[in-house]
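If you want the building blocks of each chain, they are given just below.
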Amino acid sequence: MQSMELPLVLFTVLSQAAIGLVLMNAVRLHAGPGGGNARKEWTLVAALMGVGIAASLFHLGHPLESYRALAHLEKAWLSREVLAAGIFFALAAFAAFTGREKGSPVLVWASVLTGLLALLASGMTYAPPALPAVNNALPTVFFLISAVVLGAGFASWFAADGNQPLLARIFVTALVVGLVVRLTVPCAWLSGSEIMRQTGMAWLGAPLYWIHIALMAACLGVLWKNRAIPVWLPILALAGELAGRAVFFSETIHTAVNIGAPY
Amino acid sequence: MKKQYAFLVDSEKCIGCFTCAMACRNYYHQEKGVVWRHVYPLNEEIYPHRERAFFSLACNHCENPACLNVCLVEAYTKREDGVVVHHQEKCIGCGNCIRSCPYGAPVYNPVEKRAEKCSFCHERLDAGLLPACVQSCPTGALKLIDLATMEPGNHVQFPPGFPKNDKVNSSTRFIMPKVPTMVRR
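Taken in order, these protein sequences are the chains called V and W.
Residues in the first sequence are numbered consecutively from 1, following UniProt numbering.
Residues in the second sequence are numbered consecutively from 1, following UniProt numbering.
Since the hints were made in silico from the structure, they are not lab data.
No experiment lies behind these values; they were computed from the predicted model shown.
Wrong hints could be hidden among the right ones.
Said to hold, decoys possible - Think about it this way: if two alpha-carbon atoms lie no more than 25 angstroms apart in a straight line, the pair counts; the simulated DSS-like pairs of lysine-lysine are:
1) K164(W) <-> K78(W)
2) K75(V) <-> K113(W)
3) K167(W) <-> K75(V)
4) K2(W) <-> K167(W)
5) K2(W) <-> K75(V)
6) K178(W) <-> K13(W)
7) K75(V) <-> K164(W)
8) K75(V) <-> K78(W)
9) K78(W) <-> K167(W)
10) K75(V) <-> K90(W)
11) K2(W) <-> K164(W)
12) K3(W) <-> K75(V)
13) K178(W) <-> K143(W)
14) K78(W) <-> K2(W)
15) K3(W) <-> K164(W)
16) K143(W) <-> K164(W)
17) K32(W) <-> K90(W)
18) K2(W) <-> K143(W)
19) K90(W) <-> K113(W)
20) K32(W) <-> K113(W)
21) K3(W) <-> K167(W)
Generate coordinates for the entire structure from the input sequences, incorporating the hints supplied.
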């Protein structure tokens, strides 16, 4: 088991919640006028991303030198992630300070674009060659599912009544996809290379992994019964995603742990 | 091929004495818990004999280093002789290189709060000396080689027990241990 990387857990999950919120904002724009309070929604987007970025600084040995993080945009996905997250935060903060109750489609689509780029850069950053189980598209898939689950959940706080069934459908679909992916991927790893097998065993043996699964299932159960998203449900989904992300960082096995043994 | 300094690990000669790892620590006076060179015993599934065999490993000074590619502050450079150098004064301690290197070469220094790794003793190389680990090896199991001029031989790049990663293309070469001779009287 490696470090849980709590600052990175908070940064990735909160930033994905913020990106998910603007994604849902764009979906609602496409679905037609539905009312809601855009300014409050942008304030939450900016707050989530701001807290996430602040949390990520605690991960650094030298947070005061973080201003140099854009030095390697040419190759390092982490530099690109920092740039995209920074632009996204600036757009959200601008929208929150200058916006009115009705949101600006230009800001929404600009934020969607930078948010998706930030999500892709995040996915590439956390898919290094040293972690064979996730040295692929899986981190991007995990992060996109988190963004949609949390985005649909938190968007229900701001959307008009007419848009609530649409958000509930997206929330349910993302939860079902998330459950299927989360349950099948570790099982598929068991038949992979030695490090993948060890990662599968570690994930399936981690209490936090099962807490994540249980919370996703509980959210689905609540939606099944209520047919709408209760105001407290996004918090439950957020707790699940935090648990799942902690498993991602702490239980994914590094190739260096097996040197001298078969791969 | 351009000049590429590399370590040749001769597991037939290595006796697992840890002198290379100790020489590295003595030379650089690393903080407690910070180790640049490890001596890994080969698992019995790879070397099923009573006598043990070992891989002495530090940084592999890869052709396409994962650490260099992921470092967001450009704290890594690759010299013309192939040595990958970590410039600790530039490092902000994000740990991305530690997470990304398939061989676990960069390590976190909890006192400096920055990463660090084997430098191939490049200052000794520049002075015409051997790296401390190579110079100290009592059996000659660790050698300095240049892949550009190395003759073909019985060395391998990715032996069992060593993570294979073609993308980063590790420079270290290995001579595998022979099966022990059974003497019956």
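- Item | Hint consistency between K75(V) and K90(W) [alpha-carbon to alpha-carbon, up to 25 angstroms] | holds, 17 angstroms
- Item | Straight-line alpha-carbon gap K164(W) to K78(W), limit 25 angstroms | Cα-Cα ~21 angstroms, so holds.
- With a cut-off of 25 angstroms on the C-alpha distance, tell me whether K167(W) and K75(V) pass. holds, 15 angstroms
- Message: Just to be careful, I want the Cα atoms of K2(W) and K75(V) compared with a cutoff of 25 angstroms; is the pair within it?
- Response: holds, 22 angstroms
- Under the criterion that the straight-line Cα-Cα distance not exceed 25 angstroms, is the pair K178(W), K13(W) satisfied? holds, 10 angstroms
- Query: Is the hinted pair K75(V) and K113(W) satisfied, with a Cα-Cα distance of at most 25 angstroms?
  - Reply: Distance of about 24 angstroms is within 25 angstroms: holds.
- Message: Hint check: K78(W) vs K2(W), CA-CA at most 25 angstroms. Holds or violated?
- Response: holds, 12 angstroms
- Message: Check whether the Cα positions of K3(W) and K167(W) lie no farther apart than 25 angstroms.
- Response: holds, 19 angstroms
- Do the alpha carbons of K2(W) and K164(W) lie within 25 angstroms of each other, as the hint requires? holds, 22 angstroms
- Message: Holds or violated: K2(W) and K167(W), Cα atoms, limit 25 angstroms.
- Response: holds, 18 angstroms
- Would you check the hint for K90(W) and K113(W), treating anything up to 25 angstroms between C-alpha atoms as holding? Judged against 25 angstroms, a Cα distance of about 12 angstroms means the pair holds.
- Query: Within a Cα-Cα threshold of 25 angstroms, do K32(W) and K90(W) meet the stated pairing?
  - Reply: With a Cα-Cα distance of about 22 angstroms, the restraint between K32(W) and K90(W) holds, given a limit of 25 angstroms.
Consistency note: the structure conflicts with none of the earlier hints.
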